[in-house]
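Q: Sequence:
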Amino acid sequence: MFYDAVVIGSGPAGASTAYHLSRAGLKVLVIEKEKLPRFKLCAGCLSARTLRLLPEGYDRLILNTIRAGKLGYRGLQEYEVKANRDIAYIVDRSQFDHFLLEKALEVGAELLIGEFMGFEKEGKTYKVYTSRGNFYTNYLIGADGFHSKTARLLGYKKSKFFRSLELFTEGNLRDKVLIEIGWVSRGYLWVFPHGEGISVGIATTGKENLLDILKEYALIKNISFRHPKGWHIPFPERKEDIQIGKERILLVGDSANMTDPLLGEGIYYALWAGETLSKAIIQNPSEPTKAYEKLLKPIAEELVHAGKIARLAYRFQNVAFRMGKDYALRNFYQVLVGEKTYKSLYWKGWFEFLKHLTVEGMTRIFKKHEGRYAGINAKP
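Numbered according to this note's numbering, the sequence shown spans residues 10 to 389.
What the hints contain is simulated information worked out from the structure, not anything from laboratory work. Predicted model only: the values in this text are computed from it and were never measured. One or more of the hints may lead you astray.
Unchecked claim - Taking CB as the label site, the calculated pair distances span:
#1 236 - 85: 23 to 29 angstroms
#2 116 - 236: 38 to 44 angstroms
#3 115 - 143: 23 to 29 angstroms
#4 359 - 225: 33 to 39 angstroms
#5 116 - 222: 41 to 47 angstroms
#6 204 - 93: 23 to 29 angstroms
All C-beta atoms in this analysis are idealised placements derived from N, C-alpha and C, irrespective of residue type, glycine included.
Could you build the full structure based on these sequences and the hints that come with them?
A: This is how it looks when you write it as structure tokens:
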């Protein structure tokens, strides 16, 4: 059977792509190996700017509305900065992903529950092999996540990613999120509300023992510990790290490394990129990768500048903690609601960063000399 486009994977990136292509009149097949709704390990945090990308009916999925953020440092210090509006929302990923797929099916996409096995080019089309039969298509879309078989068959490899662990347990945050830094060399620990409970997780690019750290944190904070599950979050640091695909085989979402390198937000970029990929196919059907690369520039620019901020924030975590209280968090909230970009936050934040870095340096010098003078003046 022939389809204009075959989408591998029905997560936010795949469902968004299928939705927009179907609305444009293309015959679309979505191949998903698991029956939905299915469990998906994720804190389920949607930045407020994500809402403009969602089809109608999403509001019934919202478990928590976030109006404040707390920043902590190694479980020893923390402060809260309130927002003057809703800045994020918590959803259950199993229900959210199912909702997005249902919306794609409503506008004409078809679903096949089966495993994607591979593809080969036959003339001007691609033959797609699955555990449920073979199909032909003009466009093959890889939205099959971190372990993307589509990306591997194109020769791509994942080299930059967070290792993550997460658990769900009892707790009460309701309308605020907590980010903890200082626990790992590059990464963060989080406590988010999840309905009547909480999700607790940690992500790092390093080799730290995340299980031991989570256990220690739970003990310090008196959190009921449940055995966590793990997954990987790919991210880009340069534009070249975003793997868009080749010819008429295109990648989107985690398959293409489209995740925020600062805090690991992926849903927003998955939805945005799915819509963008669809526009590329419609605008330039003969050379969609060329159109896709051009249309992706705003997304790539955001991700690259998020990476620049991440490198500074994780290199100087104590400075980042101090910065958050009087500058960084309020400006970050404006990014979450779509009023500012990571690019503007990066360039305008340099003065604040240098100011706090200088204060940190002077404090260390003072403490060093204070200790020296205390030793000199000590009585025998």
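Q: Each hint needs a verdict: does it hold in this structure or not?
A: Now the hints, each set against the structure:
no.: 1; hint: 236 - 85: 23 to 29 angstroms; result: holds, 26 angstroms
no.: 2; hint: 116 - 236: 38 to 44 angstroms; result: holds, 40 angstroms
no.: 3; hint: 115 - 143: 23 to 29 angstroms; result: holds, 27 angstroms
no.: 4; hint: 359 - 225: 33 to 39 angstroms; result: holds, 35 angstroms
no.: 5; hint: 116 - 222: 41 to 47 angstroms; result: holds, 44 angstroms
no.: 6; hint: 204 - 93: 23 to 29 angstroms; result: holds, 25 angstroms
Of the numbered hints stated above, none is contradicted by the structure.
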